[in-house]
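Novice: Read off the chains here:
Number of protein chains: 2
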Amino acid sequence: MIRKINLSSENQNEFVNKFLRNRSEEDDSVSMVVENILKEVEENKDKAVFEYAKKFDGVTLNSSNVKVTKDEIDEAYKLVDKSLLDVIRKAKVNIENFQKKQVEESWYTEEKNGVILGQIVRPLEIAGVYVPGGTAVYPSSVLMNIIPAKVAGVERIIMVTPPKKDGINPAVVVAANEAGVDEIYKIGGAYAIAALAYGTETIPKVDKIVGPGNIYVATAKKLVFGVCDIDAIAGPSEIMIIADKTANADYIAADLLSQAEHDILASAILVTDSEELAGAVVSEIEVQMNNLSRKSIAEKAIEDLGMIVMVDSIDEAVGLANLFAPEHLELAVEKPEEILNCIKNAGAIFMGQYSPEPLGDYFAGPNHVLPTGGTARFFSALGVNDFIKKTSIISYTKEALDDVKDDVITFANAEGLTAHANAVKIRFLEENKEK
Amino acid sequence: MIRKINLSSENQNEFVNKFLRNRSEEDDSVSMVVENILKEVEENKDKAVFEYAKKFDGVTLNSSNVKVTKDEIDEAYKLVDKSLLDVIRKAKVNIENFQKKQVEESWYTEEKNGVILGQIVRPLEIAGVYVPGGTAVYPSSVLMNIIPAKVAGVERIIMVTPPKKDGINPAVVVAANEAGVDEIYKIGGAYAIAALAYGTETIPKVDKIVGPGNIYVATAKKLVFGVCDIDAIAGPSEIMIIADKTANADYIAADLLSQAEHDILASAILVTDSEELAGAVVSEIEVQMNNLSRKSIAEKAIEDLGMIVMVDSIDEAVGLANLFAPEHLELAVEKPEEILNCIKNAGAIFMGQYSPEPLGDYFAGPNHVLPTGGTARFFSALGVNDFIKKTSIISYTKEALDDVKDDVITFANAEGLTAHANAVKIRFLEENKEK
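So the sequences go chain by chain: A and B.
All residue numbers for the first sequence refer to the numbering used here, where the first residue is 39 and numbers rise by one.
All residue numbers for the second sequence refer to the numbering used here, where the first residue is 39 and numbers rise by one.
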């Protein structure tokens, strides 16, 4: 049963901090194991990778069978339902369109004296996408991770996913191919992250690794940060729903359960000022729970991390949402547009009663890779700007430098950096003129 | 003396990887010390902060003297040279203008059936800027770190810098005030990073920490990543100059030395196809070195990490630059604009002989906080987009959801997530219609 709590405004801050902090435990023993794997792969490359594949995944790999072939891709298409392929293609268009709105262009400005300043925006050259190989398989995540890289213009997009005796899930292969992946390798876990970060004889060294994974994968990503870039470390999924008395309890129960079924660590929170709605949601959750294929997971998540928080007003609910900074925030209130501007921290906002969260997971277009665990305070959805880099351009003429040389020299000398000052001075020494 | 090497194209990749890797050593003993400090400050807040200030900085602090007062700021203005203040103000305008070009706007699109999608761009609420308190004091870095946050619209910009018995450097206080800092606290080292990440009774919890620091500061930033956001970890400074026979050896020697004087770990590399130029630069470095106030630092940096790399052509030099991905890249060639488009990886590019690197450090406008150690492959200069977050908006109408409901349900079922499917289905059940 979902618990109901009252939060006075005084202890909200502390409550939220504790709630978020308790969900982000780390494990030192994992770090040690992962550090070893990283070192081994950096030193012994393919040899280490194939040994780990045997050890952890029970599959014998070598440089000629680690990469998914054209034939394997064709085979995957035969195994995937036509209806799913159709939906993947439609979803792809929506996801692509939303990403295209985010493309940044290089720019230049011309200043006086012939000065040109600017910023060149370029795609990363090689990106790596990790796709987990557990029991739950999410082709939607494949689309959401690959498409932004593709729209950004990344030349080589490499996907990795753990090898399995019965082959890779065909829906994952098809989704990757539809999204525009360039190469797929059958490697997984921390050793796959190491291979992507350092490169091996077979696996290309990448500029950035994205995609969710278990604690070993997440730890490996954290440890290789700096060798390459990584996306934000994804925590368990979350939904918060702000609802007033006009909301539909059945819909709210269904939406809370849709997050709860992800993971026993998922959190589903309703914040409302309506006792009547709260009561209806409590019982409706119990009813709907019984029909779910993942009932045991949803039940545990609701029990451990589900909550209905009673507040005095919708304004207070908004304040609480800003403290939680939820991954997904539904505004199930009469006029969602009236409170939208007060929401400062949320990964994605779903407006009104016909924008259920799963619509965003699969289809609407905005990325479902979103900041979790309160990090929407400072992180954003995965997007094109995660797959670009910028280079500043400074082009001065002699006249322009002459104009500002005294300023630069004054600043450099004030910082005690005389060689900096000298680099400007020397360009205006008599003997260097008209050289 | 700077060493001269030849690199055949076969071993360039390996050479560059080794060079970059050798410069990025980490220290496990530092991690343990820093982890303890973080834990102490998270638990005991102000009490721990003031104890560390006494222990590490020898200064007695309490909640009423830790914050720099209006009087202290006024006093700093009296101590700073009028000419420096003038230059700070001019530089500020240039830095601001360059940042303003990078501001991103929120956007919305209207699709068919009344669907609205969009992305809200918001500034972070609170940002922390770390300013080191060592012997070298850099007001220019204060400007470069604070101004992008200010232009992004961050409400509260908090600066921290180690307490000193004789007070904070006045140029740093003045630069911070001119840049628009909101509060300055006299705390430093790993304990200051902990205070910003977790918050204390006196120090506000921030959303992001930026700014350079020693190994303790850098390690602390890495460890709090996720509790708040951080900027890229800054390594020692680097310059690479690509020069052809038209380049001026005196200028090149001066520019190489301007980086070398920063730090004994700074790297200054010339890549050229002209033996004559190389020879002239070797001797000119020796001559100019003798006039530098920081000669001993520059000499050691040139000796250990300086290099002149001889190549067969400027094309080859460009290839090498892309492998190094240098923080600063000067194009001292006859027609820099002809090779600009081939440079894929560099933090900032300085075009032609009147764009010396120190011009960018102080004055031109582009940020001098740049990716180091080869990370320009995937990182960019500090900018407005480091101080914003984005929230996706999804707003569907009943008609619009009705139109796509079967697609969403198909996708959810294919992933085995029946509660996801149910969240859509339930909105179209007969008994819920017109509720």
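To be clear, the hints were calculated from the coordinates, so they are not data collected in a lab.
For glycine and all other residues, C-beta sits at the position ideal for the given N, C-alpha and C.
Don't take every hint at face value.
Have a look at the derived ranges for each label pair, beta carbon to beta carbon [to be verified]: (1) 113(A) to 149(B): 33 to 41 Å; (2) 127(A) to 303(B): 51 to 59 Å; (3) 119(B) to 303(A): 24 to 32 Å; (4) 239(A) to 66(B): 46 to 54 Å; (5) 119(B) to 148(A): 30 to 38 Å; (6) 49(A) to 71(B): 41 to 49 Å; (7) 85(A) to 66(B): 23 to 31 Å; (8) 100(A) to 138(B): 52 to 60 Å; (9) 193(B) to 127(A): 21 to 29 Å; (10) 321(A) to 103(B): 41 to 49 Å; (11) 144(B) to 150(A): 54 to 62 Å; (12) 66(B) to 123(A): 37 to 45 Å; (13) 119(B) to 43(A): 56 to 64 Å; (14) 193(A) to 71(B): 22 to 30 Å.
Novice: Which hint numbers does the structure go against, in order from smallest to largest?
Specialist: Those not satisfied are hints 3, 4, 6, 9, 10, 11, 12 and 14.
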